[in-house]
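> Could you build the full structure based on these sequences and the hints that come with them?
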Amino acid sequence: PQYQQTNKGAKTAKNNGPDLTEETLVGTAWQVASPYGPVAVEFGPNGQAVAMHSMIGQIPATWRVQGNKVVAKASAMGQNITIDATIQGQNLVAQGQNIVRMR
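If you count the sequence shown from 1, position 31 lands on 31 in my numbering, and the numbers rise without skipping.
Rather than coming from a laboratory, the hints here were simulated on the basis of the structure.
Incorrect hints may have been included.
As the list claims (entries may be wrong) - Label pairs and their calculated CB-CB ranges: (1) G78 x G17: 34 to 40 Å; (2) G57 x G17: 18 to 24 Å; (3) P18 x G57: 15 to 21 Å; (4) G17 x M77: 33 to 39 Å.
Every residue gets a Cβ at the ideal spot worked out from N, C-alpha and C, and that includes glycine.
Written as structure tokens, this is what we have:
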């Protein structure tokens with residue numbers, strides 16, 4: 001499974017950019033597991049984001065970086081979704097698993 005892969009020698013076309021920061025996260029999209037199924041989050045400028053869920057569609061969201069932590073929040077259908085991730089170089093990690101970078 002993908003979450004067991006390590007970064008040893010894994011510099012590929014997807015992982016040859018700069019380490020993630022508040023600036024380099026803008027324009028990227030990530031898919032993360034949630035209690036409601038997979039959610040894709042696209043980070044936009046000025047703390048704005050869009051979360052996408054297969055059953056709900058697009059949901060306005062917000063995000064911020066504090067140190068090496070990224071917090072994204074969205075609300076839909078009376079439910080609040082918060083994704084707490086840690087920046088580890090060019091990866092985002094949540095609950096001990098790499099979050100899949102979509103772009």
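> Each hint: holds or not?
Verification of the supplied hints:
Taking 34 to 40 Å as the suggested C-beta distance range, the pair G78 and G17 conforms, at roughly 38 Å. The hint said 18 to 24 Å for the Cβ distance between G57 and G17, and at roughly 30 Å that hint is violated. In this structure the supplied range 15 to 21 Å is violated for P18 paired with G57, their Cβ-Cβ distance being about 32 Å. Between G17 and M77 the beta carbon distance is about 35 Å. The supplied range of 33 to 39 Å therefore holds.
Hint check: violations occur at hints 2, 3; the rest are consistent with the structure.
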